[in-house]
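Trainee: Sequence:
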Amino acid sequence: MKQDGRISSHPILPSPGGKWVRFYFNDTEYPGIEGEMVSSSVFATGQRVFGHHPKDGSPQGMFCANGQCSQCTLVIDGVARKSCITPLREGMRVCTLEGLPELGTASREFFKPPVSIETDVLVIGAGPAGMAAADEIGRAGLGVLLVDDKDRPGGKLVLQTHKFFGSVSDCHAGTRGVRIAEMLAGSLAAHPTVDLWLSSTVLAVFSDGVVGIQRPDGYAMVRPRRLLVTAGAREKSLPFPGCTLPGVYGAGAFQTLVNRDLIRCSSRIFVLGGGNVGLIGAYHALQAGMTVVGIAEGAARCGGYKVHADKIRRMGVPIYTRHSVISAHGGEKLEAVTLCAVDPAFRSIPGTERSFAVDTLLVAVGLNPVNEFHTRAVEFGMDSRLAGDAEEIAEASAAMFSGRIRGREIACELAPATSACPVDWSGKAEILKSPGGSVLPYSPPDLRSGVFPVLHCTQEIPCNPCMTSCPKDLIGTSGHPILGVPEYSEGCIGCRKCVAVCPGLAVTLVDYRRDPLNPTVTVPWEFSDDLLKTGESVEVTDWEGEVLGRGKVLGVKPAPGYPGTRLLDLLIDSLIANRVAGVRVQAASVTLPLEKPLETLLSDDAVVCRCERVTAGEIRKLLRNGVRDMNHLKAMTRAGFGACGGKTCRTLIESVIRSEGIPQDEVTGFTERPLFTEVELGFFAGQGEDA
Numbered sequence: 085m086k087q088d089g090r091i092s093s094h095p096i097l098p099s100p101g102g103k104w105v106r107f108y109f110n111d112t113e114y115p116g117i118e119g120e121m122v123s124s125s126v127f128a129t130g131q132r133v134f135g136h137h138p139k140d141g142s143p144q145g146m147f148c149a150n151g152q153c154s155q156c157t158l159v160i161d162g163v164a165r166k167s168c169i170t171p172l173r174e175g176m177r178v179c180t181l182e183g184l185p186e187l188g189t190a191s192r193e194f195f196k197p198p199v200s201i202e203t204d205v206l207v208i209g210a211g212p213a214g215m216a217a218a219d220e221i222g223r224a225g226l227g228v229l230l231v232d233d234k235d236r237p238g239g240k241l242v243l244q245t246h247k248f249f250g251s252v253s254d255c256h257a258g259t260r261g262v263r264i265a266e267m268l269a270g271s272l273a274a275h276p277t278v279d280l281w282l283s284s285t286v287l288a289v290f291s292d293g294v295v296g297i298q299r300p301d302g303y304a305m306v307r308p309r310r311l312l313v314t315a316g317a318r319e320k321s322l323p324f325p326g327c328t329l330p331g332v333y334g335a336g337a338f339q340t341l342v343n344r345d346l347i348r349c350s351s352r353i354f355v356l357g358g359g360n361v362g363l364i365g366a367y368h369a370l371q372a373g374m375t376v377v378g379i380a381e382g383a384a385r386c387g388g389y390k391v392h393a394d395k396i397r398r399m400g401v402p403i404y405t406r407h408s409v410i411s412a413h414g415g416e417k418l419e420a421v422t423l424c425a426v427d428p429a430f431r432s433i434p435g436t437e438r439s440f441a442v443d444t445l446l447v448a449v450g451l452n453p454v455n456e457f458h459t460r461a462v463e464f465g466m467d468s469r470l471a472g473d474a475e476e477i478a479e480a481s482a483a484m485f486s487g488r489i490r491g492r493e494i495a496c497e498l499a500p501a502t503s504a505c506p507v508d509w510s511g512k513a514e515i516l517k518s519p520g521g522s523v524l525p526y527s528p529p530d531l532r533s534g535v536f537p538v539l540h541c542t543q544e545i546p547c548n549p550c551m552t553s554c555p556k557d558l559i560g561t562s563g564h565p566i567l568g569v570p571e572y573s574e575g576c577i578g579c580r581k582c583v584a585v586c587p588g589l590a591v592t593l594v595d596y597r598r599d600p601l602n603p604t605v606t607v608p609w610e611f612s613d614d615l616l617k618t619g620e621s622v623e624v625t626d627w628e629g630e631v632l633g634r635g636k637v638l639g640v641k642p643a644p645g646y647p648g649t650r651l652l653d654l655l656i657d658s659l660i661a662n663r664v665a666g667v668r669v670q671a672a673s674v675t676l677p678l679e680k681p682l683e684t685l686l687s688d689d690a691v692v693c694r695c696e697r698v699t700a701g702e703i704r705k706l707l708r709n710g711v712r713d714m715n716h717l718k719a720m721t722r723a724g725f726g727a728c729g730g731k732t733c734r735t736l737i738e739s740v741i742r743s744e745g746i747p748q749d750e751v752t753g754f755t756e757r758p759l760f761t762e763v764e765l766g767f768f769a770g771q772g773e774d775a
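Numbering (our numbering), first residue to last: 85 to 775.
Derived by calculation from the structure, the hints in this document are not laboratory data. Cβ atoms here follow ideal geometry from the backbone N, Cα and C, with glycine treated the same way. One thing to keep in mind: the hints can contain errors.
Unchecked claim - Have a look at the derived ranges for each label pair, beta carbon to beta carbon:
#1 526 <-> 755: 51 to 57 angstroms
#2 523 <-> 620: 31 to 37 angstroms
#3 670 <-> 708: 45 to 51 angstroms
#4 290 <-> 236: 27 to 33 angstroms
#5 476 <-> 428: 23 to 29 angstroms
#6 236 <-> 556: 36 to 42 angstroms
#7 674 <-> 290: 50 to 56 angstroms
#8 600 <-> 88: 45 to 51 angstroms
#9 182 <-> 514: 47 to 53 angstroms
Stated by the list, open to error - Derived BS3-like pairs: lysine-lysine, alpha-carbon spacing no greater than 25 angstroms straight-line:
#10 320 <-> 718
#11 139 <-> 705
#12 139 <-> 417
#13 636 <-> 320
Required output: the full structure, derived from the provided sequences and hints.
Mentor: This is how it looks when you write it as structure tokens:
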């Protein structure tokens, strides 16, 4: 059994496997893969609407795919559940949630009695920081309980098909994120004192030093000597009319569907946000065979690494800097987006509107640390630490290293014989957090003989794989050994390792030895080989995406030692060969706007609380009437009352408050809920079948 909504062939990832089972969606039978999340199974059927809101009948659909919001709630075997964290089983009956869910016991669950556990260290979050920390603590022979709410370790690493930046020796730079997750998990398995709990959610931190955890088989009360929170981050959003339409979701949700579950969830995509997350999301979409219509970035230049932005432009995706999305359009699902130019204060400039036909809008406008566990623990006097994005938003390479540092520090405290952190670790940690520095002038080499690499990398970023991969040590830097822009010295033997390893796809090899007038240019290729045919002519571009001319495909071969990377050989005229940096993978015609911009609603119509359908206008009206307590806003509008516990609307309400010019010290924040996520009360009592 198969479905058209699945990706059957991917240039990096293996074809989806697992046991096929039957399930029913709105009484129609469909095939699905046992154990995958119900939301992914539903997406594979082509369905995008998960129900309609009881307040205004608005369509509801996927947003975070991370268990943080409640937009994916479906009625599963008679009970309303978040479908993105509910695994599929044979015969499940799933239907859309229309209106308010009904209470019932159609699928009553029974749990074992609660258990109490003591451990040296409890680590919350088995992402890059958590696994690196647990590895360090486990090496010291200390007891570690590593807890994660997903069905596999790795956090966002399992969504990352691209090669990582950073240092090869310190954080596996040049290796794909999915592979790094496997490497870290393998290292943990070597430590007998490390216990990994998956599909386990931290529910609460209590004043007596106990952490309550929901396991698949029941409730566990864990008392750690040390608590380390490495729970990562949740995606921010922006309020604009139509922002809750099915088809508008976070870049992380998109990567979950495409790269974890191999679901063909989109055809035409627009990306809001030019940071690394948005740029990488666009690249992942192209790899999966989807059209990326464009990227909008409010700042004057993309906040992500320049090599990321450059490679996206080379592939044929326009990037609109000083632009933002002002409206999403559609009935039951997204059909188009409208963007416009913005001034330096991010105010819309009338008359610059453009609309694009799309079925998906990826919102990639930043992250908020998931640090509420740590905040509560500190409030109760527990010894709690932070690492990774829960401490400071940065790249996954930096998260790994910060987790390693924090883990070693804890190990030294609890096992004094442990060696202290090397003196250079703190400096390396700061380097790996670098968002990208100066952009240096670029000029391609003037050489017209022999063989040599061309380094289309001009920004100071933490990255050294090209330097460490060269067997002749011909690539170095006159600046910082990791942050400096790479430079080539003579003596290349044409091994092409630097081309294969570069995370930014920013190295090409030019070979004049066979034909000085028509040299061979080798570029990295991470797309389907079906897009190319030997002997055909393809459009080639320079390092920033400007079309230079055409080249002839000589062939595509795997890069030995670099799984998923192929090396594309092109025959290029010598007049442009040294400037060629890539090949267009989509035509300019697919990125054109509609002839006329669509009519947009007022910004006050934007929904800021998804769960309760509260608009920015409703919040502004109360603020202008003198309300300064977010709990008062909550009581008056129900904003923050929903199933997500205020996780998605808090920052949006705060942004509305700031837009009204209200000083932060005049505002009283939300009173925190005692539980971090919703759970049946009977669960805490270990309600058995005879209860």
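Trainee: Could you work out which of the previously given hints the structure breaks and list their numbers from low to high?
Mentor: Checked against the structure, the only hint that fails is number 13, while the rest are satisfied.
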